[in-house]
Amino acid sequence: MSDSQSIQASLRSRAAELLASDQVAELIGWGAGRFPDQTTPLFITQADQAEGLVYSEYCQNTLGKYAITELSELVADQGKLAICVRGCESRGINRMLKDNQIERDRLYLLGIPCSGMKNRQSGELLSKCMNCSHKNPVIYDELLGETVAEGEPDRFGAVCALEECDRASREQYFDAAFDRCIRCYACREVCPVCTCRECFVDQHEVGWQGKQGNTTENRFYSLTRAFHISDRCVECGECERACPMGLPLMVLNRKLVKDLDDLFQAGEAGLDAVAVNSLGTYDVADVEEFM
Amino acid sequence: MSDTMRYAYFPGCSAAGTSIPYTLSAGFIAKKIGLELVEIPDWNCCGTSAALVTDRDLAVALPARSLAIAEHNAATAGLDVATPCAGCFASLKSARDYAASSEQRRARVEAMIGESYSATADVFSFLELMAQEAAATAIEQAIQDAALTLAGLKVACYYGCALVRPASICRFDDNENPQSMDRLVALTGAEPVEWAFKTECCGASHQMTEPAAARQLIERIFVDAAANGAELIATACPLCMLNLDLRLAEVNKRRQEAGQTTFDIPVFYFTELLGLCMGGGVRQLGIDRHFHPAEPQAKRLRTLQQLAEEQAAREAAEAAEAARQRDVRKEEAARKKSEAAADAVPAAAGQGTVADEKEVHA
Amino acid sequence: MSRIGVIVCHCGSNIAATVDVEQVVQVAKTLPHVAYAADNKYTCSDQGQQAIKEAIVEHRLDRIVIGSCSPRMHELTFRKMLSQTDINPYMLEIANLREQCSWVHKNKAEGTAKAIDLIKMAVAKCDRDQPLFTMSIPVNKRALVIGGGIAGMQAALDIADAGYPVTLVEKEPSLGGKMVMLDKTFPTMDCSACICTPKMADVGSHPNITVKSLAEVEQISGYVGNFEVTIRERAKYIDYSLCTGCGLCETKCPTKTPSSFEQGLGLRKAIYKPFAQAVPGKPTIDAEHCRKLTTGKCGVCEKVCPLGAIRYDDTDKVTAETYGAIVVAIGYQLIDWGSIYGEYGGGRYADVISGLQFERLVNASGPTEGHVVRPSDGQEPKSVVIVKCVGSRDPEHGRSYCSRACCMYGAKHAHQYLDKVPDGRCYVFYMDVRTPGKGYDEFYMNTQHDGALYLRGRVSKIYQQNGKLICQGEDTLSGQQVTVEADMVVLETAMVPANDADRLGSMLGITRDKDLWLSEAHPKLRPVETNSAGIYLAGTCQGPKDIPDSVAQASAAAMKVAVLFAHDELESNAMIASSDVALCNGCGACVSICPYSAITLEEITLRENSKKVTRRISKVNPGLCQGCGACTVACRPGAMDLRGFSDEQIMREVDALCQW
Amino acid sequence: MSVVETNVATTGAMATGANSPAAAESWQPSILAFACHWCTYSGADLAGLNRMEYPANVRLLRVPCSGRVNPQYVLSALGKGADGVLVCGCHPGDCHYVSGNYYAKRRLMAFKRLLEFTGLEPGRFQVRWISGSEAGKFRDTVTRVCEEVRALGPLTTDQRQALADPVLAGAAATTQAGEAQ
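Residue numbers (the numbering used here), protein chains in the order written: chain A, 29 to 319; chain B, 3 to 364; chain C, 104 to 763; chain D, 5 to 185.
Where hints are given, some of them may not hold.
[Stated by the list, open to error] Label pairs and their computed distance ranges (CB to CB):
| id | chain 1 | residue 1 | chain 2 | residue 2 | range |
| --- | --- | --- | --- | --- | --- |
| 1 | C | R559 | B | A310 | 56 to 62 Å |
| 2 | B | E135 | C | G350 | 51 to 57 Å |
| 3 | C | G582 | B | C47 | 32 to 38 Å |
| 4 | B | A169 | A | D290 | 26 to 32 Å |
| 5 | A | P181 | C | D618 | 40 to 46 Å |
| 6 | C | Q584 | A | D290 | 46 to 52 Å |
| 7 | B | A77 | C | G441 | 44 to 50 Å |
| 8 | B | D176 | C | G582 | 51 to 57 Å |
| 9 | C | A467 | A | E316 | 53 to 59 Å |
| 10 | B | A169 | C | V585 | 24 to 30 Å |
| 11 | B | E135 | C | D616 | 38 to 44 Å |
| 12 | A | H232 | C | F236 | 37 to 43 Å |
| 13 | C | K359 | B | T264 | 44 to 50 Å |
[Stated by the list, open to error] Result set (DSSO-like, lysine-lysine): computed pairs, CA atoms no more than 30 Å apart in a straight line:
| id | chain 1 | residue 1 | chain 2 | residue 2 |
| --- | --- | --- | --- | --- |
| 14 | D | K141 | C | K211 |
| 15 | C | K156 | C | K183 |
| 16 | C | K541 | B | K156 |
| 17 | C | K648 | C | K564 |
| 18 | C | K541 | C | K523 |
| 19 | D | K141 | C | K287 |
| 20 | B | K156 | C | K617 |
| 21 | C | K564 | B | K255 |
| 22 | C | K627 | D | K141 |
| 23 | C | K406 | A | K286 |
| 24 | C | K211 | C | K144 |
| 25 | C | K571 | C | K617 |
| 26 | B | K255 | C | K571 |
| 27 | C | K406 | C | K359 |
| 28 | C | K627 | C | K541 |
[What the hints assert, rightly or not] A few chain C residues facing chain B, derived, Cβ under 8 Å:
| id | residue |
| --- | --- |
| 29 | P234 |
| 30 | F236 |
| 31 | P290 |
| 32 | E446 |
| 33 | Q567 |
| 34 | Q568 |
| 35 | N569 |
The set of hints was computed from the structure by calculation and includes no laboratory data.
Note that beta-carbon positions come from the ideal geometry of N, C-alpha and C, so glycine has one too.
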């Protein structure tokens with residue numbers, strides 16, 4: 029039995045136990061999609077639905093953010109919300125805990141060590157998984173399966189490569205990217221850090237975001253969103269995966285993550301639920317670039 | 003710290019010269035506790051005495067070369083470096099810290115020595131190495147196995163300047179009142195004394211240029227050791243050893259001329275004391291090679307059984323003495339009583355009683 | 104739809120010389136929502152203001168843009184003018200056409216173009232002005248003084264004398280602080296107790312002052328005029344309403360323990376007053392050492408107390424009260440030299456003592472009744488070494504700053520020692536001698552005449568040999584190494600912030616400097632205020648100082664409190680941040696960023712989509728918010744906005760400037 | 005914001021048509037400067053009092069504190085026609101509100117790096133600390149920023165291109181209005 033098969037088996041049995049014992053009222057995992065190997069997020073509330081759970085190398089969806097909407101629907105004393113968390117999901121959960129969006133004591137976290145997910149058609153490792161720095165969940169209530177060895181991710185390779193380029197080529201590269209953007213806001217929808225009740229793009233009175241679909245406005249959207257999540261981004265890469273136009277969103281996010289770490293030793297976000305946001309604090313000894 | 007007790011060994015210039023007893027005794031201990039010292043091939047002068055004052059680059063390049071060789075040589079690659087000498091330790095560790103502090107500095111060092119040097123291996127003095135938990139436990143075990151003790155011997159542990167200072171480089175023990183050697187010496191049953199000169203300069207570096215100043219520095223150390231009841235001084239530095247051991251005669255001579263008391267306080271390597279208690283012989287450890295005779299103190303070594311017997315004998319003697327005194331007191335009291343009863347005069351009786359009581363109390 | 108009035112001022116020829124005022128007015132007339140535009144020779148004059156008032160009525164204006172000098176000059180003038188009309192005084196924007204336009208650009212075409220842009224920006228912003236209102240904050244005219252040392256007592260007395268009730272909280276069993284431990288005070292050498300204990304008695308008996316001893320401030324919320332303070336008075340195990348302070352219990356108590364008042368040099372009982380003149384003049388039981396409270400056996404004090412005042416079952420009392428102002432006077436402590444100066448023996452030598460211990464040794468009511476003797480053997484020391492700057496001016500081991508008072512009390516100690524032991528020898532090791540103050544340098548010179556030998560240099564090592572303390576150091580003036588054999592060494596140690604400074608500072612929203620001293624609002628011009636309105640500093644909690652400086656600052660702080668209490672109500676800032684409940688997602692980013700602790704997270708229950716929802720939102724305390732706006736940028740959801748400088752207003756200004 | 009046609013349309017520096025070759029020589033950059041009320045704004049007032057001359061291309065926008073400056077304002081201004089943006093505040097340690105400029109420093113440092121990463125010339129967005137007494141520094145700073153931005157030339161945005169192109173001007177709201185150069 030492969031690792032994912034054994035995880036699937038224990039996931040199904042634990043899910044059934046948890047739901048049957050009323051310890052949890054709902055469980056979020058993955059189920060079979062319409063095509064071979066395709067998976068889709070699955071929400072189950074009954075023990076007998078546990079057999080529908082799937083865990084394979086093709087569970088590309090990051091589930092963390094569903095915790096917010098599902099918790100708001102659950103009545104607090106009915107039981108907890110169980111959710112499968114890999115490294116990426118667990119860091120998102122920590123981030124949502126830090127931002128007071130969910131409550132830890134209402135969650136039951138089923139940790140899953142993950143060596144990366146694959147594209148269903150090409151069989152290649154998903155690009156969001158390629159430079160994953162936390163293959164094992166950083167927070168969980170129980171762990172399904174053995175922890176896997178962490179690799180040596182090159183998180184900032186793409187950022188560094190672009191930094192090496194001259195300004196004009198970078199401008200050209202990003203203008204072309206922003207030109208493609210159709211402002212569908214899928215990146216925002218899947219992001220575990222985008223938890224605003226009303227996004228700035230919808231705050232028409234203030235007039236942050238213009239209505240035209242042009243490069244300038246698209247740039248305003250993408251750069252503002254990148255900056256909004258800068259000191260919170262957990263590098264799950266779900267935004268880039270969800271983007272239908274293939275914008276290099278993780279390059280923007282990781283550029284900020286890298287700079288915040290270089291400048292203010294911000295470290296990685298979402299490793300715990302208490303760390304201070306690096307843009308929400310300061311040190312009088314901060315480096316000075318603006319004399 | 004190395005996982006196993008295996009180190010690249012940098013002997014330094016004194017190991018086969020002035021500090022043969024250190025080499026012998028440390029080697030003896032190493033064998034006993036399974037400490038493996040792999041000598042760095044083609045090592046060179048650490049530079050501590052000459053290079054440091056003449057050329058800063060040279061002071062880094064000399065030790066760095068030996069460290070780089072240790073990295074490249076198959077037998078020593080990946081091992082931390084150990085050296086007996088405090089001076090070598092200070093030079094090696096300073097050079098290593100310098101190279102490890104920035105990429106530019108490391109590149110500079112590499113350019114000077116003409117080969118690559120990663121500055122990853124750490125450097126340990128013999129003292130720090132043996133004070134580490136694994137080694138200290140093994141030493142304790144070896145002493146227990148030998149069932150030998152130096153109980154009753156009062157030892158002033160002398161660390162000198164370079165083993166714990168500067169704190170930023172040594173990062174080992176308290177630099178004002180270090181304890182690591184005291185703890186090791188205590189394993190022998192000997193009693194480390196509290197004294198104030200643990201880290202004072204022994205003056206060795208001034209011996210050539212300012213011999214009078216150096217003599218004063220040496221004398222102060224013996225004065226304070228003697229004032230605190232020490233019968234010998236333990237050291238972990240070949241230069242301190244040489245300086246103190248060699249010049250004690252000179253100090254004593256001057257004191258004699260001045261009508262002051264002289265000192266019979268030999269200087270030992272701490273490894274010699276440990277070696278004795280592990281069953282090493284006086285010649286085997288090099289104790290017979292000191293300038294100031296050290297054998298009398300070495301002869302204080304006894305087996306645990308002897309110690310127990312001595313203790314039992316002492317206790318018995320004490321008990322006998324106590325019993326004898328009790329008898330004496332009893333007899334005295336009885337005598338007094340009969341005397342008082344004999345010449346009982348009503349007026350003096352009260353006084354006599356008071357006097358009796360006083361005497362009994364006294 | 105708004106009706107904006109635009110007035111462009113000539114400022115005589117100050118603006119008109121390089122800006123075509125007429126042209127600016129013409130453009131202003133074409134701007135959206137501008138119902139009226141005119142020029143004026145001197146807008147700030149009475150006639151100029153009258154003209155605006157008339158235009159407001161005539162053209163039914165609801166907001167005003169004035170193109171004139173800098174708003175830093177006349178914004179308040181024009182707001183005052185508007186308050187006499189029907190328009191809210193905050194429905195006003197000023198375009199800076201003088202300082203930032205006519206005075207700095209000589210080319211009239213360029214100046215006029217820029218003036219037009221500035222007017223456009225002001226009009227765009229003004230169009231989104233909202234009426235703003237100040238809140239009047241009631242002032243509770245009761246003051247809280249934290250700390251009962253000389254500074255706290257002085258502040259309490261001054262406030263109380265001004266007629267306001269004061270609560271003084273002291274963490275020790277008695278008032279007096281460090282000053283009452285001192286023997287004499289420099290440079291006049293009057294007995295410290297003689298000038299300090301009358302103050303203590305005054306505080307204890309003042310009708311306006313309530314003293315809470317053995318008490319600590321546990322929690323503070325609220326803002327200027329309205330601080331809610333929770334105070335915990337620790338159990339004293341004695342009913343103070345019955346106790347007369349006769350002291351019989353203390354005489355009979357069988358347990359002795361080192362006295363912290365005597366700096367460990369003397370003993371006290373388990374039921375005790377720290378010293379004879381303590382205020383309150385009644386004992387407390389030290390629960391840690393009392394036999395009855397630790398083992399259940401004893402009860403002697405209960406048996407001997409003629410009034411039955413002993414309460415072994417006493418518990419802590421927690422009270423919550425409201426105060427209008429707070430004076431922080433928590434003082435200092437001496438640096439723990441033993442843990443950082445291994446070269447001075449690290450506390451292993453009994454005869455190496457701190458300056459405060461020396462004060463107790465020379466004090467007539469101290470443990471030795473004023474005889475200078477060595478703690479180790481009770482012998483009179485025939486030679487004493489005094490070491491200054493122990494922990495001060497020593498960034499390696501201690502603190503980088505100068506503790507300011509040590510040069511003087513070091514000289515005092517030398518003088519006192521030589522006075523008591525005329526055949527003794529006294530050596531003072533110093534780095535510099537700093538004696539700024541009335542009569543200070545004269546005092547120091549006299550000490551030298553007394554025979555104290557000053558050696559310029561630090562002591563590098565102190566060790567014991569044959570019953571003597573050997574002090575090695577350098578005399579940097581002669582360039583020689585010196586070794587002094589001393590019978591006793593006195594270390595004049597650095598002042599460091601009290602243990603509680605960091606906790607209290609963060610609770611009160613007072614910033615701490617790198618050494619954790621509490622920071623004043625401005626180092627020159629606001630030396631007793633803090634960044635939190637209504638909270639003031641007195642004495643050494645703000646930084647090392649001597650007694651006269653502490654007292655002066657305490658009286659200054661008391662004056663600030665009296666000025667505050669002279670008002671029945673305060674006006675709050677109108678241009679403050681506020682959070683939009685609908686947008687706030689309760690992430691709390693604003694809470695930690697606020698320098699005034701003005702934002703809190705609150706749980707609210709409301710109906711959303713016909714469902715009852717409980718969620719957390721941030722709430723701004725209008726009494727604390729100063730209107731900096733740092734929170735607004737930290738608020739990614741855009742819920743937090745700043746009144747008077749709203750996101751919408753600034754974006755309109757940007758638009759007005761950029762679009763053509 | 006509605007577009008206002010004035011009878012002096014050519015006088016406003018912001019209204020200069022930047023795209024025609026003829027205009028290029030006389031082209032004046034438009035620079036928006038955010039200034040904190042307590043330090044830089046009063047420093048600018050002091051420059052006025054001292055009659056220090058500096059280029060008229062700079063317009064100051066008063067904010068209470070540099071900590072109030074949302075990076076989105078900067079991005080928005082650059083997208084809507086400003087050729088350069090300057091943010092000024094009190095020197096670190098001197099903030100009237102204790103810490104506002106420290107937060108500003110962190111935010112703007114990271115944001116500036118992001119803008120430059122995506123291709124903005126460093127000269128177009130600058131941050132400087134100018135105190136209330138540094139009138140000279142204020143003058144020198146705005147003068148230099150003006151020169152730097154002038155050397156960089158107009159910043160091309162979709163809005164500008166749309167307005168310059170009569171065909172596009174009619175269809176400014178359509179998507180893909182043209183790629184920035």
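Violated hints - listed by number, lowest first: Numbers 8, 12, 16, 19, 20, 23, 25, 29, 30 and 31 - these are the hints that the structure violates, sorted from lowest upward.
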